[in-house]
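Engineer: Below, each chain spelled out in residue letters.
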Amino acid sequence: MTVVQTRAAPVATARRSVPGRIRVISGVTVASLALLFVALAVGSSSARDGLRVIGRDAGPQVVATAGLYLALSDMDAQVANVLVMGEEYPRERVDALDRYEAQRAAANRALLEAFELSGDNRAERRTVESLLDGFGQYERLASQALLLNEQAGHPPGPPPDNVVQTYRKATDLMRLVLLPQAYNLTLESGTIVRATYDEKAVTVPLLRVAVVVTGLVALGCLIWLQVYLARRFRRVFGPALLVATVTTAVALFFGSNVLAQDEAALRTAKAAGFDSVLTLAKTRAISNSMQGDQSRYLLDKELADTYEHTFLDKSLSVVYYNAGNLATYHGAVAGGSKDYLGMLGPELVGERGEEVFRAYQKYQAADRELRAAAEGGRANDAVAARVGPVTTAFTLYDRALVRLADSHQAAFDRAIATGEGALDNLWRLLPYAIGAIGLLVIAGVWPRLKEYR
Amino acid sequence: MRRTLAVVLVLAAMAAAGCGMGGQESILDKDRLVIGVRSDLPSVGFRSSDGTYEGFDVDVARYVAGKLGKEVSFLGVLAADREKVLGDGRADLVVATFTIDQERKKRVLFAGPYHISYQDILTRGGETIDNVRDLKGRRICEVTGSNAAQRVVEERGVAARVVPFPDYARCLAALKGGEVDAVTTNDVILAGLAKQDGSGLRLANAQFNEQRSGIGLAKGDVPGCEAVNRAITDMYQDGTAGQLLRKWFGGSGLKFTTIAVPQFEGCS
Chain A
1 MTVVQTRAAP
11 VATARRSVPG
21 RIRVISGVTV
31 ASLALLFVAL
41 AVGSSSARDG
51 LRVIGRDAGP
61 QVVATAGLYL
71 ALSDMDAQVA
81 NVLVMGEEYP
91 RERVDALDRY
101 EAQRAAANRA
111 LLEAFELSGD
121 NRAERRTVES
131 LLDGFGQYER
141 LASQALLLNE
151 QAGHPPGPPP
161 DNVVQTYRKA
171 TDLMRLVLLP
181 QAYNLTLESG
191 TIVRATYDEK
201 AVTVPLLRVA
211 VVVTGLVALG
221 CLIWLQVYLA
231 RRFRRVFGPA
241 LLVATVTTAV
251 ALFFGSNVLA
261 QDEAALRTAK
271 AAGFDSVLTL
281 AKTRAISNSM
291 QGDQSRYLLD
301 KELADTYEHT
311 FLDKSLSVVY
321 YNAGNLATYH
331 GAVAGGSKDY
341 LGMLGPELVG
351 ERGEEVFRAY
361 QKYQAADREL
371 RAAAEGGRAN
381 DAVAARVGPV
391 TTAFTLYDRA
401 LVRLADSHQA
411 AFDRAIATGE
421 GALDNLWRLL
431 PYAIGAIGLL
441 VIAGVWPRLK
451 EYR
Chain B
1 MRRTLAVVLV
11 LAAMAAAGCG
21 MGGQESILDK
31 DRLVIGVRSD
41 LPSVGFRSSD
51 GTYEGFDVDV
61 ARYVAGKLGK
71 EVSFLGVLAA
81 DREKVLGDGR
91 ADLVVATFTI
101 DQERKKRVLF
111 AGPYHISYQD
121 ILTRGGETID
131 NVRDLKGRRI
141 CEVTGSNAAQ
151 RVVEERGVAA
161 RVVPFPDYAR
171 CLAALKGGEV
181 DAVTTNDVIL
191 AGLAKQDGSG
201 LRLANAQFNE
211 QRSGIGLAKG
221 DVPGCEAVNR
231 AITDMYQDGT
241 AGQLLRKWFG
251 GSGLKFTTIA
261 VPQFEGCS
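Going down the list, the sequences are from chains A and B. By full-length UniProt numbering, the letter at position 321 of the first sequence is numbered 321, and the numbering carries on one by one without gaps. By full-length UniProt numbering, the letter at position 92 of the second sequence is numbered 92, and the numbering carries on one by one without gaps.
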């Protein structure tokens with residue numbers, strides 16, 4: 001705005017000469033037009049920056065790191081499954097080992113991707129490096145446990161001590177060192193999105209106000225110029241300047257409209273898309289480690305209480321009812337009251353949400369059977385429950401979560417595409433508008449100035 | 001005239017937007033933080049005779065404040081005060097063996113956990129209690145304000161005999177005098193008590209309930225919580241966490257085979 005103010009000074013000194021006056025008014029007009037386009041350029045690049053960070057960097061990173069967590073967590077769950085199956089379940093054992101291999105490959109890919117996406121964030125990079133180191137160590141311990149288990153040839157249920165001791169080293173490394181780091185990477189992406197969104201939610205509307213104000217000033221100047229010329233030269237219309245005015249008005253309207261669309265796109269991408277995608281990614285991660293805890297509960301008698309407690313603790317963080325122990329919790333979930341808190345609390349709305357809740361109820365019901373068998377000393381039945389109904393129920397629950405997450409992911413992608421599309425159109429048209437308005441102002445003013453030659 | 005108006009308009013818009021930014025106060029806007037720490041737990045958060053605070057939690061609090069570039073002063077709190085001092089603004093952060101749970105999350109925003117501890121069992125030197133199940137029929141302390149003994153009886157369904165005591169000092173005396181057989185609570189608390197006592201009490205390392213100790217903030221301060229989480233990540237990556245654990249609990253019988261950054265609760 002200071003530019004406008006300093007331009008005001010020469011007006012007084014050049015008052016007497018008409019061409020001088022025309023030059024000054026034209027200069028002020030061009031300056032105000034320049035300000036309008038600067039405001040538009042700054043506003044739209046700020047919006048684009050926001051869409052890029054949220055849509056292209058942090059958004060995909062949530063998916064990549066959540067995938068890493070799932071692959072790692074599932075590797076450990078599959079090892080535990082193989083160990084509790086013992087000599088029985090030949091088909092299921094092969095399936096579990098195949099799945100272990102597939103998840104190992106997936107984890108490898110996800111680690112490389114996470115390394116690339118970590119960019120120049122030093123703390124994140126250190127985290128990924130530490131994950132890479134630990135991953136190799138985990139694989140060694142897990143294969144050792146699997147080998148010892150193979151040699152032991154025990155019936156379904158807890159394997160011999162040496163197998164349990166080796167597996168404990170592996171699972172401690174996985175659950176206490178590797179998984180938390182993978183989870184925190186996902187959270188860090190959420191932090192980046194939150195910070196970017198909060199910043200853009202302030203600056204983009206502010207820049208839109210600047211666009212409107214500078215646009216109105218520019219329009220005022222163009223009208224002032226025309227009124228002056230019409231009075232001086234007794235012509236009612238200057239067609240070139242008239243077209244320039246209309247073009248400016250269109251650019252102003254279109255530009256502020258695009259910025260408003262981008263504000264809305266950022267808001268939708270964050271609130272209707274990203275927040276839920278992140279929450280559901282966290283839920284899937286925690287749920288996957290819950291099913292691992294079920295196998296570990298069967299496999300390690302000494303730490304069975306600990307694993308039962310972590311299962312309850314994780315269940316409470318997913319769907320919270322006020323329950324002091326697992327039996328009470330099972331009852332509350334089966335009761336199905338809708339006033340639960342926890343991560344899924346605000347997420348389970350609509351048909352897809354209902355579906356997730358029903359699947360979760362079935363999963364917890366299957367868990368109740370598994371615990372009943374284990375506590376009753378029926379190790380065989382408990383393992384059969386783990387391999388059969390619990391796995392089936394968990395898979396259905398996980399799929400329901402994925403479907404719900406996909407619908408939010410689609411909303412997120414749409415919002416980002418809408419926002420970027422609007423900006424693309426603006427940036428395509430803006431250079432032409434600037435060129436056209438410039439030429440039209442010259443075409444409108446030049447002939448008048450020439451009359452004084 | 002028009003130009004003056006324009007300048008005024010823009011300034012007004014900026015002022016309006018500026019006001020909109022300052023909704024929730026964040027710890028990041030302050031130069032000095034008041035941090036609530038326990039005053040009654042040796043090696044964890046303890047007010048020494050000269051009025052200064054010391055312990056693992058105190059050092060963690062100092063590290064986090066340092067990473068945020070803030071000066072720090074401490075406020076001694078007991079278990080029952082922790083939510084209150086955050087609610088009425090007397091403390092900006094609470095680092096006081098504050099276990100994260102869903103009920104508390106309704107009122108407190110938790111950064112961290114900065115440490116995962118477990119519920120554990122402290123006995124006399126010659127005892128053979130190794131596991132929560134071994135507490136069946138034995139006498140255990142119940143200290144006012146702690147739900148640890150109840151968790152053994154209700155959550156784990158172990159029929160221990162609960163004997164009430166007003167504080168840990170008297171409970172420990174009863175343990176040594178043979179009035180009770182075990183004390184059960186957070187392992188770092190037990191380790192601190194055992195270390196201070198120095199008479200060879202035995203920590204079972206039973207690790208039966210995971211307890212995630214978080215750093216409490218006023219609800220809504222998401223940027224502050226995220227910054228604290230980054231500081232905790234640094235504390236583990238630069239090795240400070242391991243040093244502090246060894247400094248305060250080394251030789252107490254507490255196992256630290258795994259020292260790694262815990263899985264954060266998340267700030268939203």
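Bear in mind the hints are in silico, worked out from the structure with no lab data behind them. Remember, it's a predicted structure, so these values are computed and weren't measured experimentally. Honestly, I wouldn't trust all of these hints.
[Stated by the list, open to error] Okay, derived cross-link-like pairs now, BS3-like style, lysine-lysine, Cα gap no bigger than 27 Å in a straight line:
id, chain 1, residue 1, chain 2, residue 2
1, B, Lys255, A, Lys169
2, B, Lys30, A, Lys338
3, A, Lys301, B, Lys255
4, B, Lys30, B, Lys67
5, B, Lys106, A, Lys314
6, A, Lys314, B, Lys219
7, B, Lys255, B, Lys136
8, B, Lys255, B, Lys70
9, B, Lys136, A, Lys301
10, A, Lys314, B, Lys70
11, B, Lys70, B, Lys105
12, A, Lys314, B, Lys105
13, B, Lys67, B, Lys136
14, B, Lys106, B, Lys30
15, B, Lys67, A, Lys338
16, B, Lys84, A, Lys169
17, B, Lys219, A, Lys338
Engineer: Run every hint past the structure and note whether it holds.
Structural biologist: Hint by hint, here is what the structure shows:
1. B:Lys255 to A:Lys169: Cα-Cα ~14 Å, so holds.
2. B:Lys30 to A:Lys338: Violated, at roughly 40 Å.
3. A:Lys301 to B:Lys255: Measuring from Cα to Cα gives roughly 20 Å; hence the hint holds.
4. B:Lys30 to B:Lys67: 14 Å, holds
5. B:Lys106 to A:Lys314: 17 Å, holds
6. A:Lys314 to B:Lys219: Holds, at about 22 Å.
7. B:Lys255 to B:Lys136: Holds: Lys255 of chain B and Lys136 of chain B sit about 24 Å apart, inside 27 Å.
8. B:Lys255 to B:Lys70: 33 Å, violated
9. B:Lys136 to A:Lys301: 17 Å, holds
10. A:Lys314 to B:Lys70: 34 Å, violated
11. B:Lys70 to B:Lys105: Holds, because 25 Å separates the two Cα atoms, which is no more than 27 Å.
12. A:Lys314 to B:Lys105: Distance ~15 Å between Lys314 of chain A and Lys105 of chain B Cα, so the pair holds.
13. B:Lys67 to B:Lys136: With a Cα-Cα distance of about 46 Å, the restraint between Lys67 of chain B and Lys136 of chain B is violated, given a limit of 27 Å.
14. B:Lys106 to B:Lys30: 25 Å, holds
15. B:Lys67 to A:Lys338: 42 Å, violated
16. B:Lys84 to A:Lys169: 41 Å, violated
17. B:Lys219 to A:Lys338: 24 Å, holds
Hint check: violations occur at hints 2, 8, 10, 13, 15, 16; the rest are consistent with the structure.
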